[in-house]
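*Asks:* Residues per chain, in single letters:
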Amino acid sequence: MTDIPSFLENFLAACDFEDPVEASLETKLKSLPKWDSLAMLAIIVMFDMEYGRSIDGSHLKAADTIGDLFNLLEG
Amino acid sequence: MPVSTLTNVRFAGLATCVPKRIVSNIEDCRPRMRAERERLVRNIGIEFRRLCPEWQCFSDLALIAAETLLERLRWRREDIDALIVVTQSPDYLIPATAVILQDRLGLSQTTAAFDVNLGCSGYPFGLNVLGSMIAAGGVRKGLLLVGDRCARLNDPIFSDAGTATALEFDVSAPPMRFDLNSDGSGCKAIMLPVGGHREPFGIQHMIPTREDENGDWHWPGDLVLDGPAVLSFSTQRVPPAVERLLAYANTTREEVDYFVFHQANRMINETIRKKLKLPEEKTPSTLRDFGNTSGASLPVTMTARLCEALESGRRRLLLCGFGIGLSWGSCLMETEGAVFPKLIEA
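Protein sequences appear in the order of chains A and B. In terms of our numbering, the first sequence has 65 at position 65, counting the first letter as 1, and numbering is strictly consecutive. In terms of our numbering, the second sequence has 198 at position 123, counting the first letter as 1, and numbering is strictly consecutive.
Same shape as in the complex, but just chain A:
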């Protein structure tokens, strides 16, 4: 079971936003300051390297919130 705080920490570190961002599982991805292709690539790498889970662009396009991404770990 992955704990939520460490997932959020990894998520924000991977996205490498220019300014500090507050995030929770309810945060909508499109409300993030830069939910761009670079952030998406970083999240695919994070899933692969940190959690051993392969996801692709279709998973990211289907996700609305950070929580939707977190739920991919349980799927």
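Some chain B residues near chain A, calculated using beta-carbon distances under 8 Å: (1) 115; (2) 302; (3) 310; (4) 342.
Note that these hints are calculated values from the structure, not bench results. Backbone N, C-alpha and C fix where the C-beta goes; we use that ideal spot for every residue, glycine too.
Please arrange chain B on chain A, whose structure you already have, making use of the hints.
*Replies:* Just chain B, lined up with the frame of chain A:
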């Protein structure tokens, strides 16, 4: 194609030529984009790129690399039996650039010259095609010219380069082992959709379709690059392919001196390196200084980072290219006594 071995093929040398013009991804952009570019450079690892002037083609760079290499090798031009060009930036749509270069290089009309249309994966494929002609006995000496002119000022990824590799028949040469793969179901992941017979260029393609947040206009004929698809492909297909070739050759990671990967971007290359548990010192990188030079990125890295090491003794290399197609291939080979001139700028 199953993993395979070529014998009697010697890697005789390699030369690389890049344009003189250096573009900085951070300095040479609009001031308001600077913070975003710094974030981009941190993550993709590409700070500088080489850009051809308007008049310069890939073939002009490859020609200089080939001339330099032939001079260092002291090969007579009439002894070159084959000239293979691997590029996706030909001088013209037709005829083949290799045939034009046969004449520009002053090679004999008995030279077999043709193009291979591959990009980032092209170097191992080109080595295999030319190596197979040599191993079959019909070709004694051959040249492989690989590269592209793919850089644009506003695109922070791509960079220009032309390279020349010399192979020759030699019964004492160590074996070259190959693993070559293709997956056309991913053809739309990287594509120039306009200008071929599926969608010929027309007046409708001269109208820009959208302006991005940086103020750059995009056109229907622009390169399509599905970043997440390319990243997933690269990080999932390449490591097992490298493992397969090592197992086929009964070779351990420790027995390989250098693993030279296509220089895609830092995220992709670092993921592949970590998955294969390779130390940084065995995986040379030219991403920071030369960006993604398409099919030339393996020879660019060999020249820019390894030319002295490769000239100084016997070295075992695993070369791996991957990208547009989708296409990926690896070559495990040894070099000894080959010539590796220093990087040429033109």
